[in-house]
Amino acid sequence: MDEVLIGSVLASTLRVTTPLLLCALAGLISERSGVIDIGLEGKMLFAAFAAAAAASVGQSTALGLGAAMLVACVLSLLHGFACVTHRGDQVVSGVAINMVAAGLTVVLGIAWFAQGGQTPPIDAVVRLTGLSTAFAEPVEGQWWASVIGHGLLSHNILVYLAFALVGGVWFFLERTKPGLRLRAVGENPAMVDAAGVSVPRLRYAALLLNGLLCGLAGSYLTLAQNASFSPNMTAGRGFIALAAMIFGKWKPLPTMAACLLFGFLDAAAIRLQGVALPAALGGGEVPVQAIQALPYLLTVVLLAGFIGQALAPKALGRPYIKER
Amino acid sequence: MSNAQAIVMPRWMDLVLLPLWNLLVALLVAGGVVLLIGESPLQALSILLNGALGNARGLGYTLYYATTFIFTGLAVAVAFHGGLFNIGGEGQATFGGLGVALLALWLGNSLPAWLVLPLVVLAAALFGMLWAAVPAYLQAWRGSHIVITTIMFNFLAASLNVYLLVNWLRPAGSMSVESSNFADSARMPALHQLAEKLGLELPSSPLNLSLLLALLACCFVSWFMWKSRAGYALRAVGSAPQAAHYAGMNPRLQVLIAMGISGALAGLVGVNEISGVQGKLTLDFVAGAGFTGIAVSLMGRNHPLGIILASLLFGVLYQGGVEVSFELPRFSREMVVTVQGLIVLFAGAMAMVSAPMFARLYAKSHAAFKRKEAARG
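Residue numbers (our numbering), protein chains in the order written: chain U, 627 to 950; chain F, 9 to 385.
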């Protein structure tokens, strides 16, 4: 019995963590370059819609992925145009992107597909399914097949890509020259400017990377986790990702740990629905809402400096004004 | 591009022309979307205006929406004058509704309306204030960023509301996630009921006395901001915290005051929605009004008068949008959310794009005028 439980909780934790992780990495790259990204939620939502619409109409996975990344990049560029080029307020711009995405996906969905805002279901052939089908379900009595097989090896490619990208982003930021510049522009843009590197160009590049990752996160929701788009399906995941990034102190590996923690809480909350508390805790049902609210609460507590210190990039949220 | 250039333009341009221009751009883009989905923008606009303003019932709904938006718009504006961005109107309004419900369920059956209703208003304001005071304290004394904390507090308020409704406030055996109905004494009287007592017949609409409360709130905010000593301190800290600190004001306290008033105003949404319309606590009754407040405040230039006008505009859009979605099959009411997002984009995030453009136009025409004057002698 234990092996089935452990295997399936492990598998669902990884499945729920993946979109959070992709989105949190997207936010991390943008914020390390000094641009606040409240619009993660909206970009992921619009990307999920684009992926579902393109994949179901064009009957192609690649088309879905491409459309999602394209749409998310366009939104990122819009954010850049408002905040980097014209030095508008980054938070306000993010809020605007969230609103436009929440509205426009439903408007276009209803107009194009006439299914109350949903896209038509995507064919199983087009969807991203597990790389190996051998471990689709955990098996009782077989520890290896349940925990390692079902828990770790039954996933689709985006799950592994997301975790590989943690290493990729870490390597990029810490070990490459463009990565160093990107971090520098979030801490001290004037210095980067004095070194003869364009601040806006670096920030735009960070926003494009951010768009690509948001596109992947969105397409995971409609091409892998669900079979179609439904209105507001991100349901706050973009903000959980933002919280995970802050909880991970703007660093890739801790961010991954935070995503796994929040993903585990989510998976556990689904599993604990209607389960009775042990008598020692007074009986009654497990308050699922409390578990679901825990990521937000933990982030508030962390930000208040009660668990270590969350240090944001120094130039975060400050538009750069070139002095002449 | 020219940078750090001071934007000089006359007041009428800044206060009237610029908001109208931003609105026009947002509506033009929205019109493009309507064309894209294969409907006629002009037809949609005429149904929208007719549905929102063309008859007494539609007007009632428009004013009911506007009431809620005045509260959330004022909430964003007050925080903004204190130099803070309160993105947590949604959660504060949820908490306000919770306060209304708890008080109405507790005292509604035993006290008369003239006593319960003021208490309901007070409870809404206090609960909203409380929910805003925590992020304010964390910002002022613990240094956590208010934008992030208020976002988190929106989700926390929503979760708490679900938990309380599911586990405590739902009557035993009920399937729907709602509290039991309030006693009549805890219901804000609807306008058509009041009119009936005076012998007038108005079509039924959710418009209730909360509108009066909203207008009073506007008067209070304009008095507080521009006539009171406390409001002066708040604005001083909002525009120049260092200077205000030297002048003897306590910036931390001002953060708490600004957010407290802001949260109380957002909490009053609960009076309109829960006491005025629903008559019971429901899930997700704020329905994005907290975010609409951001658009309202940006359009209304953070001034009570502007906020009333912008709330009316959004009331028209929300009520008219519902009507258009009934008439045109391919049009959905989420178009209104899109327009709202576009307004926030053009009036807020991209204000730096359009304002300098107008300033340049003004400078050019002004210079031309001066030259003509000089030539005439």
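Rather than coming from a laboratory, the hints here were simulated on the basis of the structure.
Where hints are given, some of them may not hold.
Said to hold, decoys possible - From the derived model, a few chain U residues whose C-beta atoms are all more than 10 Å from chain F:
1) G684
2) T687
3) C709
4) W769
5) F865
6) E911
Said to hold, decoys possible - Not everything, but these chain F residues come out facing chain U in the computed CB check (under 7 Å):
7) L35
8) L36
9) M343
Unchecked claim - For the chain F half of the interface with chain U, some residues (derived, Cβ under 8 Å), not all of them:
10) L146
11) Y171
12) Q348
Don't be surprised by glycine CBs; every beta carbon is placed ideally from N, CA and C.
Here is how each hint holds up against the structure:
No beta-carbon of chain F comes within 10 Å of the beta-carbon of G684(U); the shortest separation is about 19 Å. The Cβ of T687(U) lies farther than 10 Å from every Cβ of chain F, with a closest approach of about 26 Å, so its non-interface assignment holds. Distance to chain F contradicts C709(U) as a non-interface residue, since its nearest Cβ pair spans about 7 Å, not more than 10 Å. Remark: the non-interface label on W769(U) is consistent with the geometry, its nearest Cβ contact in chain F lying 36 Å away (cut-off 10 Å).
With a least beta-carbon separation of about 6 Å from chain F, F865(U) fails to lie farther than 10 Å from that chain, contradicting its non-interface assignment. Chain F draws E911(U) into its interface by the beta-carbon criterion, the shortest separation being 8 Å against a cut-off of 10 Å. At its closest, the beta carbon of L35(F) sits 14 Å from a beta carbon of chain U; the interface hint therefore is violated under the 7 Å criterion. Look at L36(F): its Cβ only gets to about 15 Å from chain U, farther than 7 Å, so that hint breaks.
Taken as an interface hint, M343(F) checks out: its beta carbon lies about 5 Å from the nearest beta carbon of chain U, inside 7 Å. At its closest, the beta carbon of L146(F) sits 5 Å from a beta carbon of chain U; the interface hint therefore holds under the 8 Å criterion. Among the interface hints, the one on Y171(F) holds; its C-beta lies about 4 Å from the nearest C-beta in chain U, closer than the 8 Å criterion. Restraint check, Q348(F) versus chain U: the minimum CB separation of about 5 Å is within 8 Å; hint holds.
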